[in-house]
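Protein chains: 2
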Amino acid sequence: MAMRRQAELKENPRRRRTIRPLPPDEKHFASSHTHTQTHTLFTMAASERTTDLGRALCIITGASRGFGRTVARDVARLVEPGSALVLVARSGDELRALQAELVQSEAGRAGLVVECAVADLGDVDGLESVVRTSEKAFAKHMDHVLLVNNAASLGDVSRYAKSFTNMAEVDSYLSLNVSSSLCLTAKILQAFPQRPGLRRTVINVSSLCALQPFRSWVLYCTGKAAREMMFRVLAEESQTSGCSTILQGLWIRTCRCWPDPKQLIPVSGNHFQTCFLRASFSPVKSPVPN
Amino acid sequence: MAMRRQAELKENPRRRRTIRPLPPDEKHFASSHTHTQTHTLFTMAASERTTDLGRALCIITGASRGFGRTVARDVARLVEPGSALVLVARSGDELRALQAELVQSEAGRAGLVVECAVADLGDVDGLESVVRTSEKAFAKHMDHVLLVNNAASLGDVSRYAKSFTNMAEVDSYLSLNVSSSLCLTAKILQAFPQRPGLRRTVINVSSLCALQPFRSWVLYCTGKAAREMMFRVLAEESQTSGCSTILQGLWIRTCRCWPDPKQLIPVSGNHFQTCFLRASFSPVKSPVPN
Numbered sequence: 001m002a003m004r005r006q007a008e009l010k011e012n013p014r015r016r017r018t019i020r021p022l023p024p025d026e027k028h029f030a031s032s033h034t035h036t037q038t039h040t041l042f043t044m045a046a047s048e049r050t051t052d053l054g055r056a057l058c059i060i061t062g063a064s065r066g067f068g069r070t071v072a073r074d075v076a077r078l079v080e081p082g083s084a085l086v087l088v089a090r091s092g093d094e095l096r097a098l099q100a101e102l103v104q105s106e107a108g109r110a111g112l113v114v115e116c117a118v119a120d121l122g123d124v125d126g127l128e129s130v131v132r133t134s135e136k137a138f139a140k141h142m143d144h145v146l147l148v149n150n151a152a153s154l155g156d157v158s159r160y161a162k163s164f165t166n167m168a169e170v171d172s173y174l175s176l177n178v179s180s181s182l183c184l185t186a187k188i189l190q191a192f193p194q195r196p197g198l199r200r201t202v203i204n205v206s207s208l209c210a211l212q213p214f215r216s217w218v219l220y221c222t223g224k225a226a227r228e229m230m231f232r233v234l235a236e237e238s239q240t241s242g243c244s245t246i247l248q249g250l251w252i253r254t255c256r257c258w259p260d261p262k263q264l265i266p267v268s269g270n271h272f273q274t275c276f277l278r279a280s281f282s283p284v285k286s287p288v289p290n
Numbered sequence: 001m002a003m004r005r006q007a008e009l010k011e012n013p014r015r016r017r018t019i020r021p022l023p024p025d026e027k028h029f030a031s032s033h034t035h036t037q038t039h040t041l042f043t044m045a046a047s048e049r050t051t052d053l054g055r056a057l058c059i060i061t062g063a064s065r066g067f068g069r070t071v072a073r074d075v076a077r078l079v080e081p082g083s084a085l086v087l088v089a090r091s092g093d094e095l096r097a098l099q100a101e102l103v104q105s106e107a108g109r110a111g112l113v114v115e116c117a118v119a120d121l122g123d124v125d126g127l128e129s130v131v132r133t134s135e136k137a138f139a140k141h142m143d144h145v146l147l148v149n150n151a152a153s154l155g156d157v158s159r160y161a162k163s164f165t166n167m168a169e170v171d172s173y174l175s176l177n178v179s180s181s182l183c184l185t186a187k188i189l190q191a192f193p194q195r196p197g198l199r200r201t202v203i204n205v206s207s208l209c210a211l212q213p214f215r216s217w218v219l220y221c222t223g224k225a226a227r228e229m230m231f232r233v234l235a236e237e238s239q240t241s242g243c244s245t246i247l248q249g250l251w252i253r254t255c256r257c258w259p260d261p262k263q264l265i266p267v268s269g270n271h272f273q274t275c276f277l278r279a280s281f282s283p284v285k286s287p288v289p290n
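Chain order of the listed sequences is A and B.
Position one of the first sequence corresponds to residue 1 (full-length UniProt numbering), numbered consecutively onward.
Position one of the second sequence corresponds to residue 1 (full-length UniProt numbering), numbered consecutively onward.
Hints in this document: simulated from the structure, not taken from any laboratory.
As the structure is a computational prediction, the values presented were derived from the model and not from experiment.
Even for Gly, the Cβ is constructed at its ideal location relative to N, Cα and C.
Careful: at least some of the hints might be erroneous.
[Unchecked claim] FRET-style restraints, in silico, Cβ to Cβ:
1) A:Ala168 / B:Asp93: 48 to 58 Å
2) B:Pro196 / A:Asn166: 25 to 35 Å
3) B:Ala191 / A:Lys136: 48 to 58 Å
4) B:Arg132 / A:Arg132: 40 to 50 Å
5) B:Arg96 / A:Asp123: 52 to 62 Å
6) B:Arg77 / A:Pro193: 53 to 63 Å
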């Protein structure tokens, strides 16, 4: 099994994003839960929600599999007719399979538009392609733009920090996992500027690794901590510009369980508008100093 | 003044690292202190120390000015005869002026070796040159290798996060401020492997910005949060390999004041050996969840 994984990684280094062992302290946690649940932050919130996502343009990165695919399925059920989903990932086949599934779903039959942006987010052209697809999918009657920054790669979790002497490797990891989410968010906020009647929501799918160090997870922990802080800055700025709702969720386990809403971490209490995520996020005090 | 700064930045974007306005909440803090102190973590610790730095090879990045220069001066006074300093920065003239000053100091007259590594840490060749200079400066009788990761650039602190659409700009910032410190640390740990009788200490000069978001400081906050987590992972790993002392200090104000040892943040209580920084670091509980 280990050899097969090594072979897969050698063939396609980015493939590792799909193979995600648990950080040490999540193992006990995971073993104490059944793995039959497929809740995401959206389904958790849906049971308590008083509002839905509206007529929304929803852009979801890393949508082809895992947590991102589950988010896409949930979002499709929560939006109003006249909405559009932009599914972003590198793997076109998986993305188009999800597109077909969603188009044939109840939401699809009710008119939900589902577009694919097959793009590498570690690449400038990839970002541009996501923005272009999003602009085309947007319609004037829409009242909500939602961006879910979910795409992330794992990096090599088999090596200690002292082995990372190759700058190109670290640079490439940070570009895909940190720079791209900042630049995509900035581009989407610029492409859909603030105006009356338009809600704009940005979500960062965070991780326990943003808060806690784990041995041999230096790239993943560093990238997640960087992203967490990046979106906290964006949230601070949204107080001034009043432009966005910024939310960060603690991602416990890919596409398996989202077991306890109390583990969701708000960026800062006063940025939470009356939106679909409020029920899950607002009662929780952040363990991160604000 | 603003125009002059813009012109300077245009001429040499990295010049911005030398111009460092205070984050908003540090302004009040700074204004309530006299700016006559030049304490660094080393001078603070020296008054309470029971041991000194030993016969040490001390590598200090960003040593040509500001906080790094002050650290270099303090280290020169704290090491035993037979030690060597490797001063790292891009600006050769300033580095050589400091070298001349230290060679003429009491420590220099007592035999302290001072070498310059004029290097851009955002560049692979720059890192290699620091390692080569360090290897040449190391002597068999030395019992301590100390690396101070101090070099950092400020980034553009005049713009909100939503303006950062240029991936090359963000990539370049993260490469210089995050990748380079990981790769340099890894290279130095490999170049001077663990052996009986050799102490190895790694210091990260951190910032309040690693813990708190500040409006318009997205690059700096993101980079410092990333570095903070990176060295926390390294510290976790040092428990297993028993190889290093990892310390992180909260950098309040460049080369002006280091007003309260309680503001120094230990990475994790159990990594602090009986070393010169112990007095400052060990009594303090980290505000970061461990």
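Hints, one by one, checked against the model:
For A:Ala168 and B:Asp93, the Cβ-Cβ distance of about 31 Å falls outside the hinted range of 48 to 58 Å, so the restraint is violated. As the Cβ distance of B:Pro196 to A:Asn166 is approximately 30 Å, the hint placing it in 25 to 35 Å holds. The supplied range of 48 to 58 Å is met by B:Ala191 and A:Lys136, whose beta-carbon atoms lie about 53 Å from each other. The hinted range of 40 to 50 Å is satisfied by B:Arg132 and A:Arg132, whose Cβ atoms lie roughly 47 Å apart.
Checked against the hint of 52 to 62 Å, the pair B:Arg96 and A:Asp123 fails, with Cβ atoms roughly 42 Å apart. Separation of B:Arg77 from A:Pro193 is about 56 Å and conforms to the stated range, judged on CB atoms against 53 to 63 Å.
Against the hints set out earlier in the document, violations occur for numbers 1 and 5.
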